[in-house]
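Participant: Below, each chain spelled out in residue letters.
Protein chains: 2
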Amino acid sequence: MLMKRKYSQIFLLPLFYFTFSASSAFSQTEDSLWIRKIYDEVLLNGKSYQNLEELTSKIGHRLSGSPQAAKAVEWAAQKMKEAGADSVWLQEVWVPHWVRGVQEKGTIVQSNGARQDVPVCALGMSAPTPKDGISAGVIEVNSFDELKKLGEAKIKGKIVFYNCPFDQRHVNTFQAYGEAGKYRWAGPSEAARYGAVASIVRSLSSSDNDFPHTGSMRYNDSLPAIPCAAISTNGANLLSRILKADPGTKFYLKQSCQLLDSVLSYNVIGEMKGTDFPNEIIVAGGHLDSWDQGTGAHDDGAGIVQSIEIIRSLKSLSIKPKRTIRIVAFMNEENGLRGGKKYAQAAKEKNEHHIAALESDAGGFTPYGFSMAGSKEERIKFLQWAPLFKPYNVWHFDYQHGGADISPLEEQGVPVMGLVVDSQRYFELHHANSDTFDKVNKRELQLGAAAMSALIYLLSFHGL
Amino acid sequence: MLMKRKYSQIFLLPLFYFTFSASSAFSQTEDSLWIRKIYDEVLLNGKSYQNLEELTSKIGHRLSGSPQAAKAVEWAAQKMKEAGADSVWLQEVWVPHWVRGVQEKGTIVQSNGARQDVPVCALGMSAPTPKDGISAGVIEVNSFDELKKLGEAKIKGKIVFYNCPFDQRHVNTFQAYGEAGKYRWAGPSEAARYGAVASIVRSLSSSDNDFPHTGSMRYNDSLPAIPCAAISTNGANLLSRILKADPGTKFYLKQSCQLLDSVLSYNVIGEMKGTDFPNEIIVAGGHLDSWDQGTGAHDDGAGIVQSIEIIRSLKSLSIKPKRTIRIVAFMNEENGLRGGKKYAQAAKEKNEHHIAALESDAGGFTPYGFSMAGSKEERIKFLQWAPLFKPYNVWHFDYQHGGADISPLEEQGVPVMGLVVDSQRYFELHHANSDTFDKVNKRELQLGAAAMSALIYLLSFHGL
Chain A
273 MLMKRKYSQI
283 FLLPLFYFTF
293 SASSAFSQTE
303 DSLWIRKIYD
313 EVLLNGKSYQ
323 NLEELTSKIG
333 HRLSGSPQAA
343 KAVEWAAQKM
353 KEAGADSVWL
363 QEVWVPHWVR
373 GVQEKGTIVQ
383 SNGARQDVPV
393 CALGMSAPTP
403 KDGISAGVIE
413 VNSFDELKKL
423 GEAKIKGKIV
433 FYNCPFDQRH
443 VNTFQAYGEA
453 GKYRWAGPSE
463 AARYGAVASI
473 VRSLSSSDND
483 FPHTGSMRYN
493 DSLPAIPCAA
503 ISTNGANLLS
513 RILKADPGTK
523 FYLKQSCQLL
533 DSVLSYNVIG
543 EMKGTDFPNE
553 IIVAGGHLDS
563 WDQGTGAHDD
573 GAGIVQSIEI
583 IRSLKSLSIK
593 PKRTIRIVAF
603 MNEENGLRGG
613 KKYAQAAKEK
623 NEHHIAALES
633 DAGGFTPYGF
643 SMAGSKEERI
653 KFLQWAPLFK
663 PYNVWHFDYQ
673 HGGADISPLE
683 EQGVPVMGLV
693 VDSQRYFELH
703 HANSDTFDKV
713 NKRELQLGAA
723 AMSALIYLLS
733 FHGL
Chain B
273 MLMKRKYSQI
283 FLLPLFYFTF
293 SASSAFSQTE
303 DSLWIRKIYD
313 EVLLNGKSYQ
323 NLEELTSKIG
333 HRLSGSPQAA
343 KAVEWAAQKM
353 KEAGADSVWL
363 QEVWVPHWVR
373 GVQEKGTIVQ
383 SNGARQDVPV
393 CALGMSAPTP
403 KDGISAGVIE
413 VNSFDELKKL
423 GEAKIKGKIV
433 FYNCPFDQRH
443 VNTFQAYGEA
453 GKYRWAGPSE
463 AARYGAVASI
473 VRSLSSSDND
483 FPHTGSMRYN
493 DSLPAIPCAA
503 ISTNGANLLS
513 RILKADPGTK
523 FYLKQSCQLL
533 DSVLSYNVIG
543 EMKGTDFPNE
553 IIVAGGHLDS
563 WDQGTGAHDD
573 GAGIVQSIEI
583 IRSLKSLSIK
593 PKRTIRIVAF
603 MNEENGLRGG
613 KKYAQAAKEK
623 NEHHIAALES
633 DAGGFTPYGF
643 SMAGSKEERI
653 KFLQWAPLFK
663 PYNVWHFDYQ
673 HGGADISPLE
683 EQGVPVMGLV
693 VDSQRYFELH
703 HANSDTFDKV
713 NKRELQLGAA
723 AMSALIYLLS
733 FHGL
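Protein chains in written order, with my numbering: chain A, 273 to 736; chain B, 273 to 736.
Next comes chain A alone, as it looks inside the complex:
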C-alpha cells in the first residue's frame, strides 16, 4: 500500500442511513463528546492489555475449583480496587471441582497393528476411562439421525466418533459452533443410549489444527456415563480417512479425569455507587474461570480485563455515574454457571433493582456491535444510542441474549446485552491450548473495552 494515496482514507460517519437518530430524546451531542473522551482514555491509557498479560502469565488457566482460580479471585479483587472501585467484595459460590488428571492419550490402531497417536483431551466433566484405557472399534457418524439408524446392533461395544465439521458457509462462526456443538454437549449420552463404550468428538474448531478443544458436556442421568474426549480437527480428518480405508481400525483412549467434591469459590464484585439513583444497578462483566487448556486469554480473560477497564476509564475521567455500576467477575461459567446463578439468586433475595446487564464473552476481537434482549420499549431506547457508536465502527445491534453469566438475570426480566465481536479467529483457539495471550491484539481488546465503557456510561446516565 502506497503512502500518499491513502492519506485521505478517513472514516466518515455515514449518517444518511441512521435517520431515526433525529428523534432521540436526549442530548446526543454531550454524550458523543463523553464517548469520544472514553475512547481516547481507553486507547491512550488503557490497562486491559497489561492486565490480561498479568492474568495469563502470573496465574494462567483458571478452571473452577483449581488453585489458579482461587488466585484469580484475589487478583481480580485487587485489580478492581486499583481501577478505582468504591467497594469490592467476594460473593460465595460453591463450584464443581473436576480435574483432568494426567495427559490423555488417543491412538489410532489399524488392523495391521500400525499405531498413530492423535491429540485428544477429555471433555469437561467427563468420566475417566478404566485405568488401562479403552480400546474398541470406531463408528464414525455425522448426525444423531445416522447414529439412531445404526442403532444398538452396530454401536454396542464401540467408540462413537462424531465427525461433524463447522459449516464454513456461516459468516458468523458462532452459528457453526452452535450447530456442531450438540455433538459435544449431548453426544456422549446419545452414544451410550445404543451401548457405546466411549465417545470422541471432532473439536469444535473453524480451522484444521492440531489442538483438541475441550468444553462442556452433560450426561443424561438415565444412561451410562461413558468417557468422552475431543480429538483435534486434523486428528479427526486422519481418523476418518483411515476408517474409510480400514474399517476394522480401533481407537485407544486413556484419560484419568475425575469429579471431586465441590469447592468454595467466589464471584468478585467491584462497585461504583450511583450519585442520583444508587439503587438502580447496572452489571458489566465476564467470567473469571476458564478451561484448563491454554490460559483462557480470549475466553474469557478478555471479558474480565475489559470489564475492569470500565471502572478505570470512568474514574480517570472523573465521571460520576448517576446509577450504580457493578463489575462482576463471574466464577464457573464453563462447567456449571454457578456464579451467574448465585449472583441472580442473591439479587432477587435482596430485592435489588437491576436495570441492565452487559457481558463480554466472545473473545477480545474487534467489536462491531451489541446484542440485546429486553422489552420492546427497552430495545427502542437502546437502539437510539446506535448512532453514537457509528464513529467507532460499532454498528450492529440485534435482538439476542447477552451472555451466559447474565442469563439468570435475564430470566428475572433484566434486559441483557452482549458485546459482539469479529468471530473469524475465535474458534481456532477456543477451549484449546492455543488460547494464549499472544493471540490477543492490544487495539482490538481495547476497542472492546471502550465500547463497553461507553455503553455503561450511557446506561448509568440515562437508564433504560
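Honestly, the hints are just simulated from the structure, not real lab data.
One copy or two, it doesn't matter: identical chains are merged, so the pair holds either way.
Taking lysine to any residue and the SDA-like style, the derived pairs with C-alpha atoms no more than 25 angstroms apart in a straight line are:
no., residue 1, residue 2
1, LYS711, ASN506
2, LYS711, ASP439
3, LYS711, VAL443
4, LYS309, ASP439
5, LYS420, PRO519
6, LYS711, SER329
7, LYS587, ARG308
8, LYS653, HIS668
9, LYS545, GLN684
10, LYS454, LEU316
Use these hints to put chain B onto chain A, whose structure you have.
Facilitator: Just chain B, lined up with the frame of chain A:
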C-alpha cells in the same frame, strides 16, 4: 464461553435501518440468492488461501525489477488461466529497479562510547550512505514545525530523527498512518533543506515491535538526496530515551542501497468477456509487487489472490457476466505506480470504456465495507446494493478513493471502489519482515474475496 447458551446467537439482518432498499430498481431477491451462492462457493471451495501460500512460499517478496517479481508475473498469469479466464495477457511496464544491497546497520553510540545496534532498514528509493557509513549527532523532532524552528543552526551536519508515533485515538489505523506518514514521504528532503546528513524515521507502525517498516519516500530534486532509513518503533523509543539522558549521543547508519536502470516488467491481466456488453469493462485487482521485507502476504498478495478468486468463483458457478471483467495484477504500486499509470494510459489510447474499478490493498483482514468515488448518480446506484451485503457483515459504504493502482483510472472519470477491511492489525506488519503468510487468516481472506466477487457480479450484471 459455554455451549448451550450460545446456540441461538445467529446473525440477524437488521433491515429496519435500511429503509431505502425498498426503492431499489432491480431484483434484489435474485441478486441476493446469487450472492449467497458466491459466498458459499468462496467459503467452501475458495483457492485464495492456498494461492497465497504458494505465492509467498515459492516466490516470496516481489520488489519491482527483482527476479522474484518476474517469477510472480508468470505465476499470476498461470493462476488466472487456472481460475478460468477467457484470455490472459501481459502488459509491458518499465519499472524502477531499486535494490537494498547488504543488510543495513544502525547503531546508537553514546557519549561514553557505549554502542547499541537497533533494527533499521533503508526507505524505498533511498540513497546509500558512504561505504563506511555515516556517524553524526542526532536531533529528534516531532513535527516539521519543530524542524523549521531548529533551522540550519541546529540541524546542519546532524541526523534528523523523526519520532512521530501513531495517534492511537483513531479507530481506523489508516488515519494514524496518513498523519505520521508525511515524515517518511517528505521528511528526508525537509531535513536536507537545513543541512542534515541523513534522516531516520520512526517506523509507521501501530505497535511497539522490533521490525523496521520500510516504504516509499520522495526526494525534492532541488535538495541533496540524503540517505534515509526507518527505525523500529522499539528502537525509536530506545533512541529517544537515550537522547534525553545523553544529548551528545550519535547515530551510525550504513546502507548500500542503489537505484539501477529501469527494468521491463508487466501488469498481468485476465479477462472474462461480457456476453451482452463486452465493451463495458470492469477492473478488479491488487498489486503484484511488494516491498522486499517479509513476503508481502497482506500487502498485497492478499489483494492478488482475492482478485483471481473472482474469476474462479464466477466460473465455478457458471455465471456468465454481461459486462467484461478484467482482473489486473498491477506491477510497481509500492515505488512508482507505473503499472497503474500504464494501464490507464493504454485504456485511454485504445478508447476503452471502463465502467468501474475495484481494488483490494488494505490487507486480507475481515472486510466490513467498500469505499467508492464517483458521480452522485453512480454513488446512489452503488448504495442501493448495500442491503445485499448486510447479511455478510459488510455494512460500511463511504465516499473515498478506491486504491492507488486504480487512481489513474479515477483521474479519467472512472468510478473506483476499494475493499474496506478491519485495520487493527495491518500496521503491525505493513512493509516489514513480519508481513508473512502466517499472519493471514483463511476465513478473513476468503470473506474479502467473496465480498469482491459479489460486487463484481453486481457490476457485471447491472452496470453502474
